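Visitor: Each chain is listed here by its residues.
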Amino acid sequence: MEKALSVTELTLSIRDLLDSQPFLSHVCVRGELSNYKIYPSGHHYFTLKDPESSLKCVMFKGSAGKLRFRPENGMSVTVWGRVSVYPRDGVYQLYCSQLMPEGIGDLQVAFEQLKAKLDAEGLFDPAHKKPLPRFPGRIAIITSSAGAAIHDMIRILGHRWPLTKVILLPVRVQGAEAPAEIAGAIRYANEFDVADVIITGRGGGSIEDLWAFNDERVARAIYASRLPVISAVGHEPDVTISDFVADRRASTPSNAAEIAVPDCREIADLLTGFELRASQGMRKQISLLRDRLESCCERRALTEPTAAIDNRRMELDRCRERLCTAQTQQLGKYRQSFVGLAASLEAMSPLRVLTRGYSIASDKDGNCLHSAAQFHIGDEIRLRLSDGSADCRVENVKRS
Amino acid sequence: MATKKQTMSFEEALGRLEEIVRHLEKGDLPLNDSLVLYEEGTGLIASCSKMLDEAEQKVVKLRKGPDRSPIESEFEEENGNDN
Numbered sequence: 001m002e003k004a005l006s007v008t009e010l011t012l013s014i015r016d017l018l019d020s021q022p023f024l025s026h027v028c029v030r031g032e033l034s035n036y037k038i039y040p041s042g043h044h045y046f047t048l049k050d051p052e053s054s055l056k057c058v059m060f061k062g063s064a065g066k067l068r069f070r071p072e073n074g075m076s077v078t079v080w081g082r083v084s085v086y087p088r089d090g091v092y093q094l095y096c097s098q099l100m101p102e103g104i105g106d107l108q109v110a111f112e113q114l115k116a117k118l119d120a121e122g123l124f125d126p127a128h129k130k131p132l133p134r135f136p137g138r139i140a141i142i143t144s145s146a147g148a149a150i151h152d153m154i155r156i157l158g159h160r161w162p163l164t165k166v167i168l169l170p171v172r173v174q175g176a177e178a179p180a181e182i183a184g185a186i187r188y189a190n191e192f193d194v195a196d197v198i199i200t201g202r203g204g205g206s207i208e209d210l211w212a213f214n215d216e217r218v219a220r221a222i223y224a225s226r227l228p229v230i231s232a233v234g235h236e237p238d239v240t241i242s243d244f245v246a247d248r249r250a251s252t253p254s255n256a257a258e259i260a261v262p263d264c265r266e267i268a269d270l271l272t273g274f275e276l277r278a279s280q281g282m283r284k285q286i287s288l289l290r291d292r293l294e295s296c297c298e299r300r301a302l303t304e305p306t307a308a309i310d311n312r313r314m315e316l317d318r319c320r321e322r323l324c325t326a327q328t329q330q331l332g333k334y335r336q337s338f339v340g341l342a343a344s345l346e347a348m349s350p351l352r353v354l355t356r357g358y359s360i361a362s363d364k365d366g367n368c369l370h371s372a373a374q375f376h377i378g379d380e381i382r383l384r385l386s387d388g389s390a391d392c393r394v395e396n397v398k399r400s
Numbered sequence: 001m002a003t004k005k006q007t008m009s010f011e012e013a014l015g016r017l018e019e020i021v022r023h024l025e026k027g028d029l030p031l032n033d034s035l036v037l038y039e040e041g042t043g044l045i046a047s048c049s050k051m052l053d054e055a056e057q058k059v060v061k062l063r064k065g066p067d068r069s070p071i072e073s074e075f076e077e078e079n080g081n082d083n
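Heads up: the protein sequence lines correspond to chains A and B, in order. Following this note's numbering, the numbering of the first sequence begins with 1 at its first residue and continues without gaps. Following this note's numbering, the numbering of the second sequence begins with 1 at its first residue and continues without gaps.
Since the hints were made in silico from the structure, they are not lab data. Since we're looking at a predicted model, the values are computed, not measured. Heads up, some of the hints might be wrong.
Said to hold, decoys possible - Reference listing, derived: stretches of chain A covered by chain B, where coverage requires no fewer than 3 residues with Cβ under 8 Å from a Cβ of chain B:
#1 134-141
#2 183-194
#3 257-269
#4 283-290
Idealized CB from N, CA, C, for every residue including glycine.
Kindly generate the complete structure, drawing on both the sequences and the hints.
Guide: Written out as structure tokens, the structure is:
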């Protein structure tokens, strides 16, 4: 009868069998991530699948901590490690030492993941972006104190706008300490209000070299900065998370210097323009006033101040003349009518009739007698003649 | 930045100049006021130009003092190559 093995004995001999295979001690496997779990211990557990099979995998804390991106279910990945048995569960599994996304680099994946996360949180919101001061008095540059980037920026700032004081906050821009140093310098610049605007960045390099500017700590420090931040990382095609969070993205450090300050030659031109416009405005106002003055001087009231009086005098003379004429005419008219009336009066005068031999009879009371009926025999009447009168007595009355 | 005491910043001076030039171009003020403005404007232009002409770039390096507050020191470019 065969001797029965304990479960452990069998399991351990299977493990020994697997462990003794050099092929299994260093494998590289391609598959799709599923059931990815991170335990509080820091170990990562997941299953690697293809359409037909699945493989249990574990990645211990030490290896998992080196991951530069966050593995997600469904991701196509390549993993490296050794295959062995986990006796307690009686399963074989891949002890994974490295995990890389398939196709694109892990940094690229990390970049996209952080970008998506911060975007979702609103760190790239245009509404959050602060305007840059037009004439910053002080510019803080957070970069390496060595190298072309700081040199270029100082040179261009000096050329364009020497009025701005340049304040360098030296930091490491690559390596493990770089993100914390950059983020710390941004916070420090804000805390002590050392400048009006911040430029942070570095010259060109590989994606690894620029990596500090894809760090979440740097991104959050830029977002939290009260001072406006210009991100200036690498060359034109390089895009980092800092570029998205910053208030302005510059394509290069030199470009950041151009964005940060105006060009003194343009401002000098502007001043010249102001000078010209001010003089022209002044001249125009003075010449308008002079024109007004001249047109006033040309008025007759000033050129011939007595003209108005002369005119009035002439008017008065004319009036007087008209008055005289009217008066003379009126008098003539009166005279004529007087003569006419006098003639008529003369013609109608009874005295004139008497001169032709007639006489007027009147009674003793002076009443004019013009009918035979008024005569009675014996009446005393008076006859009026042209040159006197005669008292008579009626002797006889005949009526015709 | 400014070499002498300047009550107005460069930006404020430019803003004021714009305002002055607008008034002078409109000619909407009494002559006396215009002349006063013109004088102020030419003064501002002269002082701005002077600031530009005389400006000398200042570059300092900042480090944390013992109490964390910033200490400035002259910056001399290093010849290393960190990037």
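Visitor: Now tell me if each hint is right for this structure.
Guide: Now the hints, each set against the structure:
As drawn, the region 134-141 of chain A meets chain B at 5 residues by the rule of a beta-carbon pair under 8 Å; at three or more, the given contact holds. Chain B is given as covering the region 183-194 of chain A, and this holds because 3 residues of the stretch bring a CB closer than 8 Å to a CB of that chain, at least three being needed. Counting residues of the region 257-269 of chain A whose beta-carbon sits less than 8 Å from any beta-carbon of chain B gives 3, enough to reach three: the coverage restraint holds. Three residues within the 8 Å Cβ limit are the bar, and the region 283-290 of chain A against chain B gives 5, so the coverage statement holds.
Hint compliance for this structure: no hint is broken.
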